[in-house]
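Spelled out from the first residue to the last, the chains are:
Number of protein chains: 2
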Amino acid sequence: MKIVLDAFGGDNSPVEVIKGAVESLNKKENFKIVLVGNSSVICAELSKYEYEKNRIEVLNAESVITNEESPVEAVRKKRNSSIVIGLKALNEDAECKAFVSAGSTGAVLTAATLLIKRLEGVARPALAPVLPTVTKENVILIDCGANSDCKPEMLYQFAKMGIAYSQAIMGVGKNRVGLLNNGVEEGKGNELAKETYNLIKTKKGINFIGNIEAREIFSGDVDVVVTDGFSGNIALKASEGTATMLLTLMKESIMKGGIRSKIGYLLLKPMFKELKKTLDYNDLGGAVLLGLEKVIIKLHGSSKSKSFTAAILQAVEISQKEVVKKIIIN
Amino acid sequence: MKIVLDAFGGDNSPVEVIKGAVESLNKKENFKIVLVGNSSVICAELSKYEYEKNRIEVLNAESVITNEESPVEAVRKKRNSSIVIGLKALNEDAECKAFVSAGSTGAVLTAATLLIKRLEGVARPALAPVLPTVTKENVILIDCGANSDCKPEMLYQFAKMGIAYSQAIMGVGKNRVGLLNNGVEEGKGNELAKETYNLIKTKKGINFIGNIEAREIFSGDVDVVVTDGFSGNIALKASEGTATMLLTLMKESIMKGGIRSKIGYLLLKPMFKELKKTLDYNDLGGAVLLGLEKVIIKLHGSSKSKSFTAAILQAVEISQKEVVKKIIIN
Chain A
471 MKIVLDAFGG
481 DNSPVEVIKG
491 AVESLNKKEN
501 FKIVLVGNSS
511 VICAELSKYE
521 YEKNRIEVLN
531 AESVITNEES
541 PVEAVRKKRN
551 SSIVIGLKAL
561 NEDAECKAFV
571 SAGSTGAVLT
581 AATLLIKRLE
591 GVARPALAPV
601 LPTVTKENVI
611 LIDCGANSDC
621 KPEMLYQFAK
631 MGIAYSQAIM
641 GVGKNRVGLL
651 NNGVEEGKGN
661 ELAKETYNLI
671 KTKKGINFIG
681 NIEAREIFSG
691 DVDVVVTDGF
701 SGNIALKASE
711 GTATMLLTLM
721 KESIMKGGIR
731 SKIGYLLLKP
741 MFKELKKTLD
751 YNDLGGAVLL
761 GLEKVIIKLH
771 GSSKSKSFTA
781 AILQAVEISQ
791 KEVVKKIIIN
Chain B
471 MKIVLDAFGG
481 DNSPVEVIKG
491 AVESLNKKEN
501 FKIVLVGNSS
511 VICAELSKYE
521 YEKNRIEVLN
531 AESVITNEES
541 PVEAVRKKRN
551 SSIVIGLKAL
561 NEDAECKAFV
571 SAGSTGAVLT
581 AATLLIKRLE
591 GVARPALAPV
601 LPTVTKENVI
611 LIDCGANSDC
621 KPEMLYQFAK
631 MGIAYSQAIM
641 GVGKNRVGLL
651 NNGVEEGKGN
661 ELAKETYNLI
671 KTKKGINFIG
681 NIEAREIFSG
691 DVDVVVTDGF
701 SGNIALKASE
711 GTATMLLTLM
721 KESIMKGGIR
731 SKIGYLLLKP
741 MFKELKKTLD
751 YNDLGGAVLL
761 GLEKVIIKLH
771 GSSKSKSFTA
781 AILQAVEISQ
791 KEVVKKIIIN
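If you're matching them up, the sequences are chains A and B in order.
The first sequence lines up with residues 471 to 800 when you count with the working numbering.
The second sequence lines up with residues 471 to 800 when you count with the working numbering.
Because the hints were derived from the structure by calculation, they are not lab data.
Careful: at least some of the hints might be erroneous.
Claimed, not checked - Dumping the calculated DSS-like pairs for lysine-lysine here, alpha-carbon to alpha-carbon at most 27 Å:
1. A:K746 to B:K747
2. A:K732 to B:K644
3. B:K606 to B:K664
Stated by the list, open to error - Between beta-carbon pairs, the in silico distance windows are:
4. A:I733 to B:K498: 18 to 26 Å
5. B:T672 to A:K743: 17 to 25 Å
6. A:S772 to B:K796: 35 to 43 Å
Even glycine gets a Cβ: it sits at the ideal position worked out from N, Cα and C.
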């Protein structure tokens, strides 16, 4: 099995990407990595590491799509970019099972949708991150940005995809599906949420627990949260912004609190470290684009080597467990 | 000036409501409170306090609308509920300037829309909480739940209302308006966001800084965040859920961390206290329903006396500064 890795995606590429790639090889056997990007830069960087040479291939790609470019235009024009060349390799080589990138989300989504075949019956692929909860179990939020405007049928499909992913990866037995809404009562929500509720509740084989408010995403009471990509993105980013605000305010308060605060901080350091680990959902891997015949994993642009390692191992696991084959839309 | 207070709204009513009311009288002169609810219960509770008797009136209301009831039906049927009687008094008595309740959000919104006249030109009133940011300046999020399905023109009006509120209350000079979206670039978003962007950017007299992601709500870089009520509710609740998760995880970690953690916690107690104060946006008052000829303030159902005091003082301030008159839609 090969995992295709965009060596030039993200703020810390290629150094952190390549470091993460080498580390992932040390952590798991039986897979190879295809590094895509400027091959001389990649080879120079690789020369700094000890690794099994036959487990890394390099695929040359001359250009890089940046976050500033219009995704559709960039994908069309930059045929020699690491994203386009990487996804072409994923499509053409049966041994290639997944593509991992921390590059432009828009470009990855656009190119993946163009180059990789959709699963039968799937209307639109959706982006699904794994998030932490208060019980330390994880929750899947789907969609969180691939589809800004959705129809109820699409959200039903997201639920099916989320369940397949949850079952295969997280070993969650309950597969509780909640619909993200602005109130818990039946009949709440905008038109899309109301219609989706009415659609999903008629479907068999889904453990549908009804509407949930965004507060409940992190409660541990739900395994798959279904929503349109616009609302999912807002939930995800509002959560990130709040966590950042809290941690920043704490840090400032400790800094200006004198010696007492600083000693307190030192004593609580293990607690802060554990907290940071729980919150850092990049350690859980990246957001998976579900609904295509191959696996695409999108990482945060700011990802460091640890996140790349986690995402590569996540890609291997998803491929080994054949999550894609378990998504059956009917 | 009189502030009408729903004595039977919220999980801790009437005890905490009445405590908060008495405290607010001690904090500010020149206003009266009309307590609405079962008058014998209210009088018995009031008898526990020392206060200027002529500054509290009691208006009897036999029933209470609960969160479990359908708002529209409950407002129609329970004409003798504290919400309906309180809002009728607000409408009929020129001296009554604002209504404060921690009761059913749906019922307050429904009854307010039915009983209080809309401002000229306003299509729909919107709910606007004041939230903390990382710079400790505040931000207004409008709408956060009054309107699940919106049109671009409505969001433009929310921006105008938010600016009037921000200018009057927060003393913010910049009045930076951001449109909540799933990306910052022009052209991002769902249909509503795209059309709203195109509408607002043509309008004069608005300091429109363009799209913002939900992460930026808490950055201090924007003063008024405009969105539909569905998305705003999700941003608000996702933020609440994340803060709750963080504080819970910290507490658990400290508790199981042994003596070292506990000493660390004691030393950092002032920091945690300050953090809690910054985060507790109920101390900033409640969410204001803007767009009607009178002021409605909605508090969290779990509010304690401190929040009621804050909301009553907020109601007095909004009324004194004549925010309502400053909302001019054109």
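Original post:
Between I733 of chain A and K498 of chain B, is the Cβ distance one that fits in 18 to 26 Å?
Top reply: Violated: the Cβ-Cβ distance is about 41 Å, outside 18 to 26 Å.
Original post:
Taking 35 to 43 Å as the hint, is the beta-carbon distance of S772 of chain A and K796 of chain B inside that range?
Top reply: 41 Å, holds
Original post:
Range hint 17 to 25 Å: satisfied by the CB atoms of T672 of chain B and K743 of chain A?
Top reply: Violated, at about 50 Å.
Subject >> Pairwise hint evaluation, K664 of chain B against K606 of chain B, where the allowed Cα distance is 27 Å at most >> reply: 30 Å, violated
Subject >> Holds or violated: K746 of chain A to K747 of chain B, with C-alpha atoms at most 27 Å apart >> reply: 22 Å, holds
Original post:
Is the hinted pair K732 of chain A and K644 of chain B satisfied, with a Cα-Cα distance of at most 27 Å?
Top reply: Given pair K732 of chain A, K644 of chain B is violated - Cα atoms ~36 Å apart, limit 27 Å.
Comparing the model with each numbered hint stated earlier shows that hints 2, 3, 4, 5 do not hold.
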